[in-house]
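Chains as they are written, first to last, in the numbering used here: chain A, 24 to 206; chain B, 24 to 206; chain C, -11 to 235; chain D, -11 to 235; chain E, 3 to 353; chain F, 3 to 353; chain G, -7 to 63; chain H, -7 to 63.
It is worth saying that the hints were derived from the structure and are not from the lab.
Treat the hints with caution; some may be incorrect.
[Stated by the list, open to error] Distance condition first, Cα-Cα at most 30 Å in a straight line; then the derived DSS-like pairs of lysine-lysine:
#, chain 1, residue 1, chain 2, residue 2
1, C, 180, G, 39
2, F, 5, A, 28
3, A, 189, F, 44
4, B, 109, B, 128
5, B, 109, E, 274
6, H, 62, H, -5
7, C, 232, D, 138
8, E, 274, D, 31
9, G, 17, G, -5
10, A, 28, A, 128
11, C, 31, D, 138
12, D, 181, E, 204
13, B, 128, B, 204
14, C, 31, C, 181
15, B, 204, B, 186
16, C, 181, G, 39
17, A, 184, D, 138
18, C, 188, C, 174
19, C, 138, B, 183
20, A, 128, A, 184
21, G, 62, C, 138
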Amino acid sequence: MEDEKQILFAGFGGQGVLSMGQFLAYAAMNTGKHVSWVPSYGAEMRGGTANCLVTISSEEIYSPLTEHPLVAVVLNRPSLDKFETKVKPDGCLVINTSMVDRDPKRTDLMVLKIPVNELAEEMGNTRGSNMILLGAYLEKTSVVKVEDALQHFEVIYRGKKEKVIKRNREAFLAGVEWAKKNW
Amino acid sequence: MEDEKQILFAGFGGQGVLSMGQFLAYAAMNTGKHVSWVPSYGAEMRGGTANCLVTISSEEIYSPLTEHPLVAVVLNRPSLDKFETKVKPDGCLVINTSMVDRDPKRTDLMVLKIPVNELAEEMGNTRGSNMILLGAYLEKTSVVKVEDALQHFEVIYRGKKEKVIKRNREAFLAGVEWAKKNW
Amino acid sequence: MATVFKRPESLTDAKFHYCPGCTHGIIHRLVAECLDEMNIREKAVGICPVGCSVLAYEYFNCDMLEAAHGRAPAIATAIKRLKPDCFLFTYQGDGDLASIGMGEIVHASARGEKISVFFINNTLYGMTGGQMAPTTLLGQVATTCPYGRKVENEGYPVKMAELLAGNEGSAYISRVAVNSPANVVKAKKAIKKAFETQAKGLGFSMVEILSTCPTNWGLNPVDAMKWMEDNMIPYYPLGEFKVKEGK
Amino acid sequence: MATVFKRPESLTDAKFHYCPGCTHGIIHRLVAECLDEMNIREKAVGICPVGCSVLAYEYFNCDMLEAAHGRAPAIATAIKRLKPDCFLFTYQGDGDLASIGMGEIVHASARGEKISVFFINNTLYGMTGGQMAPTTLLGQVATTCPYGRKVENEGYPVKMAELLAGNEGSAYISRVAVNSPANVVKAKKAIKKAFETQAKGLGFSMVEILSTCPTNWGLNPVDAMKWMEDNMIPYYPLGEFKVKEGK
Amino acid sequence: MNKVLMKGNEALAEGAILAGCRGFFGYPITPSSEIAEYMARKLPKIGGIFVQAESELAAINMVYGGASTGTRVMTASSGPGLSLKQEGISFISEAELPCLIVNISRGGPGLGGIQPSQGDYFQATRGGGHGDYHTMVLAPASTQEMMDFAILGYELADRYRIPVVIMAEGTLGNLMEPVIVRDEVTNFVEKPWAISGCQGRKPNIVNTLHLTAEELEGRNRHLFSKYEDIQMNEKRAETFMVEDADIVVVAFGLLARVIKRSVIDARKHGVKAGLIRPMTLWPFPDEHIKAVTDTCKVILSMEISMGQMIQDIRLAAEGRVPVEFYGRIGFLPNPEELTREILAVAERKGL
Amino acid sequence: MNKVLMKGNEALAEGAILAGCRGFFGYPITPSSEIAEYMARKLPKIGGIFVQAESELAAINMVYGGASTGTRVMTASSGPGLSLKQEGISFISEAELPCLIVNISRGGPGLGGIQPSQGDYFQATRGGGHGDYHTMVLAPASTQEMMDFAILGYELADRYRIPVVIMAEGTLGNLMEPVIVRDEVTNFVEKPWAISGCQGRKPNIVNTLHLTAEELEGRNRHLFSKYEDIQMNEKRAETFMVEDADIVVVAFGLLARVIKRSVIDARKHGVKAGLIRPMTLWPFPDEHIKAVTDTCKVILSMEISMGQMIQDIRLAAEGRVPVEFYGRIGFLPNPEELTREILAVAERKGL
Amino acid sequence: MAKGRVSFFYDSCKACGLCVHFCPKDILDFDEDTINPMGFHPVVIVKPEECTGCAICALMCPDLVIEVEKG
Amino acid sequence: MAKGRVSFFYDSCKACGLCVHFCPKDILDFDEDTINPMGFHPVVIVKPEECTGCAICALMCPDLVIEVEKG
Ligand SMILES: Cc1ncc(C[n+]2csc(CCOP(=O)(O)OP(=O)(O)O)c2C)c(N)n1
Ligand SMILES: Cc1ncc(C[n+]2csc(CCOP(=O)(O)OP(=O)(O)O)c2C)c(N)n1
Ligand code: SF4
Ligand code: SF4
Ligand code: SF4
Ligand code: SF4
Ligand code: SF4
Ligand code: SF4
Ligand SMILES: [Mg+2]
Ligand SMILES: [Mg+2]
């Protein structure tokens, strides 16, 4: 329980936050960790924000929920507004600056900024922004090692089209590279 | 409670046992008694037997039900079979001999026999057999005085056609006469 | 002498509980005769409604289920899907099928479920003592339309055969009556055709059968037959409304 | 310059929660415009379904009720009977009206209830994430018919306008679409005619409105309009199916 | 005092009309159908609305619609019909629409039979529908109470904006007794929330959807604070010879009244029996139970079921006296049988 | 051991398939629809039947029909849908047809919302339908248990000829965790009562109608003797640190698992907390409660409702220790909040 | 000699009169001297010799009271 | 001079593109430089002078974003 990490992903409905979290959970599971993934399913209705919480631990997970995640990955402004105050003291905040036009107010947090929408557009892969972010984040923090994640890519995307896997791998690697250079 | 009387009427569905009981309850109520009338509604289905229980008392009636009525008025054989054993010790059994082809077995009961179907057919009023029986019974036992019953005839049948009232009154009186002669 | 008429094997020995002259009994017999003649009694599964025929499971000599009021088509759907070799029939009154069970019957027909529905239209709720049904005729008195059914209050009587014939999934839809020897013979033919439609896997089949309720109509059985002819048949025309031919 | 197009009074200021390009919004506006033009907003009572339009009570600027899934016609029936001067309308999706609410809609129509029903047919369950509806087209994929709708499994898509037009109690039944400016104009005319039918007390009125669900169809809003034209309208022909004329 | 001989079902229907009921929406089912039939005869003559719904589902939703107009409306049914109404009752409770729901109960489960039963106690008192809610539940014991509770029911329904259920055994619905016909009710509460077209005011909205957890929780807390008020103010029970009773029978409905006879008879046999008759099943009169736990030796729950109310009695007794059970199904037992049972329990307990 | 990451809803569906489920009949409703969608994909490929019913009423009656053939069948729904199924569940219980009924629950009453809830506890455990009956009710707390209880559910259903309800908060349905996929079940009980055409045997009848009181009472007594067996044999609960606990929390479902964390945290704060997690809600594991009443100072019922299971706890505790309550609606509380509440109760009680 | 022969399960007859009404030869009637266990006067054939064995009586009997032979 | 004038409630625009598609003059487009509070690039008129005030854009807009004047 001591090494239990809880990571929140939040953004608009279409930004791929749920699949980001699932990818991470898969990757962590494949490296032998206990994991859980839980979405907030806001409403039996259209649009709105989406978020999910991933827990990774080397022991049994009692609570897949928390008020205070260690890390919050926010892909848009409303998510920053909502979750900044919730992150654990000395936690981490990952911010998509393409969609967030303010700086965080807290000073005790490690803040990682990345303009994923621009990066994705540059790559000509607008739907890849979530994987770019994840690549960058893992490169920086090693919640799951980049090599391990890459190793399990095929397994995680089992059943998906070759092309899709390729595009996601490219986006993920682009994130890794960006982080190496910028963070 | 001491003078409480419970009278059971039983027969086939079409023999008018329910309305016999209701008539008696009305008549008793109109002479100032506490009364209740409760049918056994056998089944959400067709045919079969019908019976009802009338309670008459000068005090509040707690139980409109009993296992052991004081009187059983049986209009057919199955009813005799079913209720003969139930009647209170020293109670009374009124039997329609037109539809009952055996004698009662118990010896402690007052038994009153009357062939009401024949009497009704004689009168050319086949649907009047229940009122014949009631007339005879009241003449014999005075649960409600015949005069009182007659006095309330119009009230009880309020809303019914004049002709119907007349036919019922005639049948009732025929029963009274028959009882005077035969019982 | 040869026996030309006797009790079908597909009926048990139990006596019907129906009122004297109630044509539920005739219809039971016709269904049973068809099961006999098609030799499908041992594959048949019948579903009783809630209505006067609620006890039909005591009469049909085959596997039987008692449904909740109106739900027979849903039950039949599941059984037919899971046991496609069985012959499924429901036997439903007009309260059961056309009132509370409207959703289930329309959808069973729309889905083209391969079941046979026998719909007994006697213009009211027999079992519960003569309340209005969706099929009660205009002007007809019932305990819940004591002043006679009026368009303004209760609307028009529904014509189930016509309604369901409109569904693509319906393969055989007809209306018959049992008010005369000739019509009884026709009714039996329709019932058999419904089973044949099922045997061929063509889709949903329903026979609407006009039936009497002497008790709640307040008529003797013979007059009830006449009343049906004079009042019901003009509003509920007899005939076939949908016939899909075999492949 | 004169204002030729602005927000109708019968809508509140609330923004719609619908997905981009979802034509629920167009239909809301058309209904509101008719309330405005007939000057009946203050007598109107609207009933929302359970479906994407579950929040319509936040949008229509008149007395509104939220129904249980499928039951809007029953609710409307009671209100109209008790408050005959009110204008009752229900706004129902195809899951709401044609699946779970089949019993209620057929009977409201059969009884000739003087209510106006707007039936939004988008071939699937939008709100719950794209499950099959009774109106899903053959071959169409939905989350509960992942291999495409097949006659053998799910039967034929139901045609509600045609089905209800058969009921004597139906006074006005039509089908419209909102996939082009011309069709939007026609849709509004039909909606108004439904209200007029109610005003005249002629009976039950329903307008089936073909609508898009870009989200669950997996199409952008413009392509969704095209898909409607190419796939829905051929199966669900537009037009008037029943028109009772005034007295 | 004008006494009229009436059936329980008729007395209830007439009571509702006297209380101003002007809308009946129902689907026939034995043994409740007489109520619908009475309404079908009477309502059209006094400007009321009678609709035979296509189903119990439609009926309860018509009640939802009718009640939302502020009109006093009702429905009546039995067993299977009540089950079909549970979704609607949950909605009506949440929307806080006052109305009367009558259960002239019969034997279950399933199709069961039409014999008298109290087996719907849990359904009525715990809310057979989904979510947290309560309806008030009144249990009359005489034809007179059938009328009086219909009138009372509407008063409570309007005061608390809550659906009120009247639950009576089929036998009581069929029981004919003299009834004092009450005066017509003339004072009604204002219902500014009612639906009628928004002329001259802001639109009214009747709704049970609460998408955010905060709003949903708020609504639930609101309902439960109302339920607390009701529990404070509206518990009703009749006690009969409990003061010195060693054995206190708890029973409701017609059964309870029959038991009065058995209590008297038991005392003739030297057993000090008494009776508590809950007249409200929800809120359950637990103080009446608590009050006897100091003085009596045993409580005996008598029900026409396999034992449901006994849970409420045990919850009230909190283990301070033993609570025993006697139940029948499909039978309204005779006083003789009930007396025998009281005596048997007394003997077992050495009383 | 092959671990797969699965959502609770998927694990449950897959578990049912492994247990031999070959018929799914349902109507979509959030948050249960994924189960239907999973079945729609899988069943046709393995010779099973998937029917999207026109309504919950049709769905539960299809389950009645499907179960009567002896096939393992199921349905899944939530709040309002469960209410609509109550008539059918009453019928299925009476007819003693084994089947699985899943409630991935949401907030009520009325339309409510789709937030997690345990507010259908009464409905599930008391029988929201009419008459006296029970279903078995299983409450999983993990994705693994979603699968395992589906398999267990069918086993119990067949053994006792009883419908088994699995009740889980919406959050659990959506929760993804690694799951050990179980082996396919291969041993099934004989069902000589099943409907399939009477070839080679006497006709079978599935029926719930019992017109005479004697027959009806007999049926009810039969059902209740079965229920007694179940109560004897099938109560299940998990206990966690209760041996020395001063404060015992009772909670079920995912909530209970979250509370384990709070129990540990409370102990870090010096409060000896423990947890009893009923895995069967009916039969309720009252012995587990009774067992701690001698050792603990207070019991705390934690529920995502206004307080329903607390009645069963109080009935078990019989007044021997106080039973307190903490409830939220629409929220699955975080461990931090629950710890705070445990500490607060401990402080109030001077622990 | 009669072309047909009808026999009755008297106990099942409810005296509804449908067979009496529909018999083309008009040769059936109620037996007023008998009451069967259900309380009805069951039907009997009055002129057996005229029976054609057409089975119309059986066809219209709702209670399967009548069996018909012919030949 | 333009015959018509359209104005937009930008905050309500969901960038569905229906107005863009249906405008007979083809003079509407998305404003790629702006993100409204809902996260969309709202529609603007590119050639206001060509607007005829036909109101087809408004007719097809599901979100009542557009008001039209004419004259
Ligand atoms: C859910 C439910 N609602 C109502 C009833 C009561 N009920 C029993 S039979 C019946 C109607 C019977 O009429 P119909 O279907 O026309 O059959 P018939 O008796 O006329 O043959 C009703 C309403 C019930 N048993 N269950
Ligand atoms: C009794 C009940 N069953 C199911 C649901 C879940 N549900 C909500 S909306 C819906 C269907 C919506 O589809 P439709 O009526 O076509 O409306 P749309 O969203 O497509 O506009 C369903 C099944 C519910 N809320 N209540
Ligand atoms: S009540 Fe009517 S339908 Fe029922 S058995 Fe009697 S005659 Fe037949
Ligand atoms: S899901 Fe479909 S119907 Fe619902 S709002 Fe979105 S596009 Fe419209
Ligand atoms: S068989 Fe024909 S002729 Fe003979 S009794 Fe019957 S109906 Fe009459
Ligand atoms: S038709 Fe049958 S039941 Fe009727 S009188 Fe003739 S034999 Fe008897
Ligand atoms: S008013 Fe007509 S021309 Fe002007 S922008 Fe709109 S659609 Fe185009
Ligand atoms: S139609 Fe309306 S919402 Fe869609 S892009 Fe145009 S202005 Fe925006
Ligand atoms: Mg009928
Ligand atoms: Mg839809």
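| request: Sort out whether residue 186 of chain B lies within 30 Å of residue 204 of chain B, counting only the CA atoms. | output: Status holds; Cα separation ~27 Å.
| query | Quick one, are residue 5 of chain F and residue 28 of chain A close enough, alpha carbons at most 30 Å? | reply | Status holds; Cα separation ~21 Å.
| task | Would you check the hint for residue 180 of chain C and residue 39 of chain G, treating anything up to 30 Å between C-alpha atoms as holding? | result | Distance ~35 Å between residue 180 of chain C and residue 39 of chain G Cα, so the pair is violated.
| query | Taking 30 Å as the top limit, are the C-alpha atoms of residue 31 of chain C and residue 138 of chain D close enough? | reply | holds, 27 Å
| message | Run the distance test for residue 109 of chain B versus residue 128 of chain B: straight-line Cα separation, threshold 30 Å. | response | holds, 12 Å
| field | Restraint check for residue 189 of chain A with residue 44 of chain F, where alpha carbons must lie at most 30 Å apart | value | holds, 28 Å
| said: Against the 30 Å threshold, does the CA-CA distance of residue 181 of chain D and residue 204 of chain E hold or violate the hint? | reply: holds, 27 Å
| query | Is the hinted pair residue 138 of chain C and residue 183 of chain B satisfied, with a Cα-Cα distance of at most 30 Å? | reply | Holds. Residue 138 of chain C to residue 183 of chain B sits at ~26 Å (cutoff 30 Å).
| query | Is residue 62 of chain H close enough to residue -5 of chain H, meaning Cα to Cα at most 30 Å? | reply | Roughly 6 Å between the alpha carbons, so the hint for residue 62 of chain H and residue -5 of chain H holds.
| Is the hinted pair residue 188 of chain C and residue 174 of chain C satisfied, with a Cα-Cα distance of at most 30 Å? | The hint holds at about 21 Å.
| query | residue 274 of chain E and residue 31 of chain D: Cα distance at most 30 Å? | reply | Violated, at about 65 Å.
| request: Sort out whether residue 204 of chain B lies within 30 Å of residue 128 of chain B, counting only the CA atoms. | output: holds, 25 Å
Checked against the numbered hints given earlier, the structure breaks hints 1, 8, 16, 20, 21 and satisfies all the rest.
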